[in-house]
Amino acid sequence: MSLLCYRCLPCFKTRVSVSSSKLDETESSMESFVKLQKDAGTILEAFPLLPLSVDRMNQYRANVADYELKTVIGRGFSGATTISLARHRPSKSLVAVRKTNLELSAEDVLLVQNEITVTRQLSHPNLLPYYCTIVINREVWTIAPVMAYGSVQDLIHAHFHNGLHELAISLILRDVLKGLDYLHHLGYVHRSIKASHILISLNGKACLTGLRSSISMIRHGVRLKRIHDFPRSQIETNMYWLSSQILSQNLEGYGPKSDMYSLGITACEMGNGCVPFQDMAPSQMLLEKSNGTMPRLLDSTTVDASMLQDKEQAVEADSIPNLAENDAGPSGADKGSFDSLSSDQAAYKRTFSCMFHQFVEACLHRNPSLRPTAAQLFHHAFIKQVRKLPVGLPVLLSPVKPLKDADPFPNDMSGEPEVDAVTETMENLEIETWDF
Amino acid sequence: MPLFGKAQKTPAEVVKALRDAILALDKGDKKADKASEEVAKQLKIVKEMLIGTGDSEPQMEQVVAQLAQEMYMSHLLLLLIQNLSKIDFEPKKDVVQIFNNTLRRQIGTRSPTVDYICTHREILFTLVGGYESQEIALPCGHMLRECARFEPLAKIILFSDEFYNYFKYVEVSTFDIASDAFSTFKELLTNHKIMCAEYLELNYENFFRAYQGLLDSENYVTRRQSLKLLGELLLDRQ
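Residue numbers (UniProt numbering), protein chains in the order written: chain E, 1 to 436; chain X, 1 to 238.
Heads up, a few of these hints could be off.
[Claimed, not checked] Subject to a maximum C-alpha distance of 30 Å in a straight line, what follows is the list of computed DSSO-like cross-link-like pairs (lysine-lysine): (1) E:K99 to X:K9; (2) X:K41 to X:K16; (3) X:K41 to X:K9; (4) E:K225 to X:K44; (5) E:K384 to E:K401; (6) E:K404 to E:K388; (7) E:K225 to X:K9; (8) X:K44 to X:K9; (9) X:K30 to E:K99; (10) X:K34 to X:K44; (11) X:K44 to X:K30; (12) E:K225 to X:K41; (13) X:K193 to X:K155; (14) X:K155 to X:K41; (15) X:K9 to X:K86; (16) X:K31 to X:K44; (17) E:K99 to X:K228.
Hints were generated in silico from the structure; no laboratory data involved.
Bound conformation, chain X alone (with noise of 0.2 Å):
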């Protein structure tokens, strides 16, 4: 118990708070205003205990895996990006840290925030369609490209029909979202050497008829940048 100020509440109390005021933001004008107060103070709270802040370090591991453990149960990370658009822009950014941190929990060799998310994939789709929404499209692509570090969840992404998305959001006139796009698309199609020439070699056709349009694009920057990872889908040896 700190000595002064008010006792921290247990992660329980802090993840039913939470979810409870992006509950509330669907809820009409002056309700809302107030919901978005809570979400905000509440994100804080989280990504406090998680990241620290400049000055105070994170909390002890236990608190961590007991946060975690309660965001799983309530399927509080889905929630938070299906309502990423509802909340305000600062704490979007705690939303990506959030995420971010819990993703690369680990427990011995284990993930446990990736096997979540292996059983709960609307999660990945969900940020895959962040890129149709400028509001959204950047925090969702940092997100994206953390899970693309992990190779069932590159897989995941990379063997559904929502990759073929990308071929249009890396093209769209905005300089910002379409070059983010093209990180993670690029990304998706790079970390994981092996999984990847396998499912180039499964799905040739498709993939390189999708791709003959980013090379003929009117885009300057996507035929640079997609002319750029095609050598070097060619030409890495392995």
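Here chain E stands alone, though its shape is the one from the complex (with noise of 0.2 Å):
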């Protein structure tokens, strides 16, 4: 557990020794402020677009005139969120501004507000913090730090059609894991975890974000054993990662573990490429998790050859929910043609290591209360697995370009080849669902 202990978080303790001013005392004494920019080292591992500054949470402040917009990078919460990529003018450094377009419904609004209360009393290096918020007109802007890579489900409909390299996997689950378990541990249920909120930083550091949908079981200071509240607003987007627990709404309730079905089925999207049962209609997926059917990861050892062949003659590619996923997958391009057939068979015939599929079993077992808990899953052998992993997430990501400067995209484009190389990984990333 020592290792998920959160009082002596590197974040932490930079926005504390800086919130309480006494900056210039903790500097005079050199021991301290060594062990300061080491901390504040260890933040630039996760967010490494940001110059070295103590004063981080500080040094945003809640001006508009601060932030010179560059260029859209992406778009949330059904069109009502854009995200640009910005440059933080003071300190110059880049920023991401989510502009929240307020003209919602009085719902819609209070999940908004929800998100950033809740993000902002939030310190973990794996949850995307939240520098400031700004109302600016009848739009609210939260400046956030850049993550090079965005979302894992941009990095899916980028490059990996069929699903990342399992080390890959390994590596985003357990940052993904230790920033769950410190929600966990504050009473937070997070209900709507996947692909597409995880974000990955330059430096291959996944962190997680979208506590629009998340819930305090805490309620008036007491812990509650299970809550009852159903997330309707965003459900028609979350509810192929919820568990049956949340979906079925009945008096058992729910708690922590059925973010971890939600993990598990994550696990799911980010191997295979796409989501569990996203091929059925809503009534049928609610079905088939209420009957206790298990998605799996699709591999050798799970797919044989001749169900690929029916897949093929698309015969009966309903009656096996985890292969006819990919008719309906994400990217239009391979839709229902030949080609793409051919070159799933060719990636299904890749085998996962037993401890995959191992972890994403325990994660989406039928018993909520049978789930192994993050802090537990932290310790699982798949996860353990890439501790003395030599490299790091960037290279498991390769083909990808990461975002990295916003310096070739001002505002009047120019023609010249550095900026066009940089507008091709743009374009490559293909960001346009930064959903937070």
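From the two separate chains plus the hints, produce the assembled complex.
Structure (structure tokens):
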């Protein structure tokens, strides 16, 4: 558990030393200054695009003039949100500015409010922080660090149509588990864990985001055993990841363990390149989930040649839920075409490790009380295998290029070759669904 | 006595240790660092006694009662709130939970903490003042909304001069603080209908003159929220 100790988190320490405005005193003592620098270095690892500065949290002021908007890099929340790359003028650093138009229903405004208040009260290297939030005309702007690789969903869309490399998934999930354990420890249930809510920084650190649907298990100073709230407003987009405990809305209620189910679905999403059950109608998906159908990773052990042939004929596609998803896969380009089928076949001849299969099975256990907690999963062999991995996540994501610099994106794009190169990178990234 | 590990401290000891640690926060450099660690540690112990952790149950009613008694005697709640900005980021949330849990304690129909706060009003006003400072605004808001659930406490805030500060707080440009302040403002005005009606009747002129400012605000969120609240206040048939 020592690895998951929150009280010694670098972010938190730096922030505290700043907030008590004793910066000068702290710096005067050499020893603590070195420590402070080391801490700041760890944060830099998470958000490398920002220059080294101790005064991280207070540096970003609620002043519009400080932010020079560059280019739109994503959209989300049913079009109400756009994410732009921006330069923070005083520090010259890059930030992501998320603009949400508040001309939404009162219910949706409450969601935005919930997301912002919850996020502002959290501090963990694996949770995306919001530096500050500003109201400008009818929009609320949220200033956050730039996550150079975009979301894991973006990565799947951009390059890994049949899923990411197992070690990459392990590295990503390790970070997500740390963030999730912190959230659960504080009594929050995330309720929308999915690949589009996991963002990857330039150095390959994964951050969990999308706390819009999150809910606290602590009411009036008492920690509830279970909750019954149904996350109605975002249900159409989130339901494929949600556990049957949330979806069935019965008296049993649910707790943090339903996040573990979503994590299992997300693991499948990352491994397979598509979301389990996604080809089904919501009612059928719910039926499958409550009957205990367990989605699986698609590889040589779970997909055999005869099944693939069946799929080629596309006769029994519907009866094999896990396979059929590819037809309804997110990228329309390879929809139903014969070429993609043969490439799928090749992809599913891979073999995931037995540990990965066990990991997914443990998360998706039908009985929530038998699902492991985030802290327990952190010690799972599948996560442990990457402890001494010599290569980092960026190497494993290699053909995808991160978003490195805003300089090539002035508001007036000139035709320089460099600009074209980066524009191309941007296009490859296809960050169209930074779904916060 | 547990078989393994240290024997648990009594509530009196914990409260004393916490109090001493908070008082030591004001001392210079190194001692303050040590004190803030100690505060975090003791807050965690108190929180676990009251709320339990994810796995363990809270302490027996008897221990909790003793703990609450010690807190009243040593004026720990006020001390915690006054020093909130000096307490580290994570332990701040423990303070909120401890406060909220203590607040809802009941003995029969009596709420001893509510009675206690009624006689120590500075607790409420310190909380209201918390909106002035960015790093404690959200925790203070959380505690205030819990207070607003109890009529006597909502009444004290509503009928005070400090209440008018809200008209300033809900308009700050930082969205999270402004909207949190507005939630509190709204709960104070809508939770206890009869008391609020009485308040509005007595302070009609002053209140609506200030409220006009919110309706004309430059800030879209303030304008929208205040218009909605006005609708609720006017249309509620009670």
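- Message: Given the hinted pair K9 of chain X and K86 of chain X, is their Cα-Cα distance within 30 Å?
- Response: holds (25 Å)
- Task: Would you check the hint for K41 of chain X and K9 of chain X, treating anything up to 30 Å between C-alpha atoms as holding?
- Result: holds (13 Å)
- Message: Run the distance test for K404 of chain E versus K388 of chain E: straight-line Cα separation, threshold 30 Å.
- Response: Between K404 of chain E and K388 of chain E the Cα gap is close to 27 Å, so the pair holds against 30 Å.
- Message: Tell me if the straight-line CA distance from K99 of chain E to K228 of chain X falls inside 30 Å.
- Response: holds (23 Å)
- When you check the alpha-carbon spacing of K30 of chain X and K99 of chain E, does it fall within 30 Å? violated (42 Å)
- Given hint K16 of chain X paired with K41 of chain X - CA-CA distance at most 30 Å: holds (13 Å)
- Query: Does the alpha-carbon distance linking K31 of chain X and K44 of chain X stay inside the 30 Å limit?
  - Reply: The hint holds at about 20 Å.
- Hey, K225 of chain E versus K9 of chain X, does the alpha-carbon distance stay inside 30 Å? Status holds; Cα separation ~27 Å.
- Message: Next pair to validate is K155 of chain X with K41 of chain X; report whether the Cα-Cα distance is within 30 Å.
- Response: violated (35 Å)
- Does K44 of chain X pair with K30 of chain X here, judged by a C-alpha cut-off of 30 Å? Satisfied, since the Cα-Cα distance of roughly 22 Å is no more than 30 Å.
- Query: Would the pair K99 of chain E and K9 of chain X pass a check requiring their Cα atoms to be no farther apart than 30 Å?
  - Reply: With Cα atoms ~50 Å apart, K99 of chain E and K9 of chain X exceed 30 Å; violated.
- Message: For K34 of chain X and K44 of chain X, compute the direct alpha-carbon distance and say whether it is at most 30 Å.
- Response: This hinted pair holds, its Cα atoms lying about 16 Å apart.
Checked against the numbered hints above, the structure breaks hints 1, 9 and 14 and satisfies the rest.
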